[in-house]
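Next come the chains, spelled out residue by residue.
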Amino acid sequence: MASEKAEIDALKKECDGLRTQIEAARKAVNDGSMTGASGGVASVGRVQLKLRKTLKGHLAKIYAMHWATDSKQMVSASQDGKLLVWDTHTGNKLVAVPLKSAWVMSVAFAPSGNLVASGGLDNICTVYNIKAASPKTLRELDAHTGYLSCCRFLSDSEILTASGDTTCCLWDLETGKQKVVFTNHIGDCMSLALSPDMNTFISGACDSLAKLWDVRDGTCKQTFSGHTSDINAIAFFHSGNAIITGSDDCACKMYDLRSDQEVINYQDTSLNAGVTSLALSSSGRLIFAGYDDFNCHIWDSLKGEKVGVLSGHDNRVSCTGVPEDGLGVCTGSWDSFLKLWN
Amino acid sequence: MSNNNASNNLIIAQRAVKQLRLEASIRRIKVSQAAADLRNFCVQNAPKDPLLMGVPSSDNPFRPPKPCSLF
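Chains A and S are the protein sequences, given in the same order. Going by full-length UniProt numbering, the residue at position 177 of the first sequence is 177; the numbering climbs one at a time, nothing skipped. Going by full-length UniProt numbering, the residue at position 24 of the second sequence is 24; the numbering climbs one at a time, nothing skipped.
Here chain A stands alone, though its shape is the one from the complex (with noise of 0.2 Å):
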């Protein structure tokens, strides 16, 4: 017992002192800033998109959102219990999956456009194709002991999924069994994005924390702190080398990846709105994101400062997406429509 107690104390001392190593080692190589090596960037100036397109059909709010690759299909997820695949060049709906559990909360597309995967409340991932002559349930993935938060796709065999369970984990989506479970958090996990080489994975949670994650081998590499409540929303800035992080402590950040350490806060004492959401343009010096307060406002990622705004939903902005091309943005609201800008 004792000797135990010893040994506990002993590694939580080691534990004391990495993180003290850790955070010098960060300060050792802070000789900058993101604001500084931007200065003699022009300024974007005031970035007014236009509202395009209202895009009506769901009874109740909106609680996600994704692009397919071809940057024309979309899929939107309601606690009306539908999703809905939708043009949005026509505006037209193409195809709509009624969910067995109305509490979905997060969706995504397949790189491949065949299928969609949703889920909630419910703690299970269920993936359905599309391209049948009407949805079919090909998969419910069901080992999650908390809420499913977010999901992406590999490809139509793999999936990642984040969970209120405080984990992730990698489907096999042939067998329908987990392949690997990622465990570090020590809060509910509320977002995931994949890198653009698809090797490593970030994930945002309750515990104010961003983790990086090799797919393959399940180790967490790199945590990222600094924020001082849940991160919602989380991203990766397009080189693959920095990730964007929102939170409910109103702010965003941008970490770099191989400097270890935040780089830039985008935070305004007129701002007083959780964040819920956020995307990039395709150049990356664009952040769309998506408050509690209503709109989605615009930052420029370089110079740390809020650009534009987008103003026309009746309640919280709770998704928000870029298409792979870049032409527009798209925003989800609990007013229950979906806004198409650019």
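If you're looking for bench data, these hints aren't it; they were derived computationally from the structure. All values reported here derive from a predicted model rather than from experimental measurement.
Under the rule of at most 35 Å between Cα atoms (straight-line distance), these lysine-lysine pairs were calculated in the DSBU-like manner:
| no. | chain 1 | residue 1 | chain 2 | residue 2 |
| --- | --- | --- | --- | --- |
| 1 | S | 48 | A | 50 |
| 2 | A | 56 | S | 48 |
| 3 | S | 48 | A | 303 |
| 4 | A | 306 | S | 30 |
| 5 | A | 221 | S | 18 |
| 6 | A | 131 | S | 48 |
| 7 | S | 48 | A | 221 |
| 8 | S | 18 | A | 5 |
| 9 | S | 18 | A | 177 |
| 10 | A | 303 | S | 30 |
| 11 | S | 18 | A | 13 |
| 12 | A | 93 | S | 48 |
| 13 | A | 72 | S | 48 |
| 14 | S | 48 | A | 306 |
| 15 | A | 12 | S | 30 |
| 16 | S | 30 | A | 13 |
| 17 | A | 27 | S | 30 |
| 18 | A | 12 | S | 18 |
| 19 | S | 18 | A | 179 |
| 20 | A | 221 | S | 30 |
Let chain A serve as the given structure and place chain S on it in line with the hints.
Same frame as chain A, but now just chain S:
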């Protein structure tokens, strides 16, 4: 019971140390270098960023189509 808890706590502490050792061991580059690379990426890709450059009306897939009259 208390034996189990103690062993669990030990395992948890051992895992925490292992994880922190891993995270402490990575190579870090200077922030000035990282920031310059991020800035250069944005600047190089800016001309092809439709939301920065603006989308011409004729090429805007989301713009409602103009009505067309045929005589």
